[in-house]
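Trainee: Sequence:
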Amino acid sequence: MAEASPIASLTQALPAALQIRPPGPSRTASSRSLGRASVPSIQLVVYAHELPQEISEGVKELARTAIRNNVRVLEQDGQEQQRHGAQGGVSGTTWLVRFRHEEQMSPGAVKIDCSADDFTAVEPGQDFVVTVSYNRPIEAFRGLGHVLAITRSLVTFSPTSNASTDAPSNRRTHSDSPAPDPMQEDTPPEKAETEAKLDSQETGAAETATREVHWSGKVGEQLRRDEQCLFETVGVMIDCSRNGVLKVESVKTLLRHLALMGSNMLQLYCEDTYTIPGEPFFGYFRGPYTEAELREIDDYAYALGIEVIACIQTLGHLGQMLQWPRYGQLRDTPEVLLAESAETYKFIEKMISAISGPLRSKRIHIGMDEAHGVSEGRYRQIFGYKDSTQVFTAHLRKVNEICRSHGLNPMIWSDMLFCLPAKNNQLSGYYDPNSVVTAELADSIPEGIDTVFWEQVMILSVSGYPLCVSLRLKNASR
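Residue 445 in the numbering used here sits at position 406 of the sequence shown, with consecutive numbering throughout.
Among the hints, a few may not be true.
Computed cross-link-like contacts, DSS-like style, restricted to lysine-lysine with a CA-CA straight-line distance of at most 30 Å [as the list claims (entries may be wrong)]:
| hint | residue 1 | residue 2 |
| --- | --- | --- |
| 1 | Lys425 | Lys389 |
| 2 | Lys389 | Lys437 |
| 3 | Lys401 | Lys425 |
| 4 | Lys150 | Lys286 |
Bear in mind the hints are in silico, worked out from the structure with no lab data behind them. Computed from a predicted structure; not experimentally measured.
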């Protein structure tokens, strides 16, 4: 007697098909007014022995933490003839996902293919197979993210009028057209009760607007992709210095989302929120990351194809540290380090060593933005007057030397290279397209330094109204 395949047994244990609530009085044609319908519950299956080594750990972690528990990595004996694939009807079905590492593909490229246009038309005993071809690991995870999105895009809605609970809108229609609209969620009991109370308060509505539900198994056109990322590095920077430090578990959650979206870089912006051996007042009462925590984050990100880059400050934005008497000798102004001081560079050496040690990346962001007042505080009392631009670039060269001694390639925010020559602290010189960097200033910048443009607030115009967009992430505090 043939042994049941892992996919066949898994299919039998699939969760019940999603149920959409029956229609009732509603203020709008929302999910509460949809007819009752059943749609297939898709389960993605990956065989562990088929996984390329460089993505194996990451895929297993994404499966373990899948929000809807709809990704499984199975150990099996490799006897493909015993597998049972897609099953008709709406009780549930499985898609077999395979990953293929292709050296000839260019970095940033991903290709997704599938074995049939309609997964419901696959013959019994055959698999509906989705193949993700990639060069870099991050594209493999981006491909998986795309496939997951399509599993939630089987449903579309068409409006009906004068509908009631007995109308055809209450019956599932297997449409011939694919459905790109988002999948409706199961409604928790407590939320359903609240919504029912709200609905019961609506009076005077003789008829309720409803929508007819359609779903289709024709997902081939949506699944198939042949894409090339236009940027070598795509990612985000998370501010871990204001309003709380992102917890390690929250960073891991963020990393999983980034991987499924194809982002391959995460910068953690830490002014004083990391520990330095022998410096208990650095990050005091600020919830700093320990060396072990940074290493844990980096290991987790590495398994998902993501580079973690430290983003620190080595000149300005250090008021939290400089408030302590312990660091009084390093202070130029309340926010800015004392350039040209030997003690300052000894401390910066400690900073760079502490933050870069736990991380694999050979890139580091050393900040230096908004260092307003540099050389105008204690510096002037100790060293006399010097042009702030010259002090800034001399400091940059010294910090660059420290980075290079650690095998690191530094980058900086570029605003002060415009603001200092313009003698303007309001950043107007930074955003002025007519601002010019002189040849003398350009020559004073160390070779190999990457300059990064930053923009916190954009003023846009939508229908004549100004729209302020602030790029911030509010997160849980440590």
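Trainee: Compare the structure with each hint and give your call.
Mentor: Checked hints:
no.	hint	in the structure
1	Lys425 <-> Lys389	holds (27 Å)
2	Lys389 <-> Lys437	holds (14 Å)
3	Lys401 <-> Lys425	violated (33 Å)
4	Lys150 <-> Lys286	violated (35 Å)
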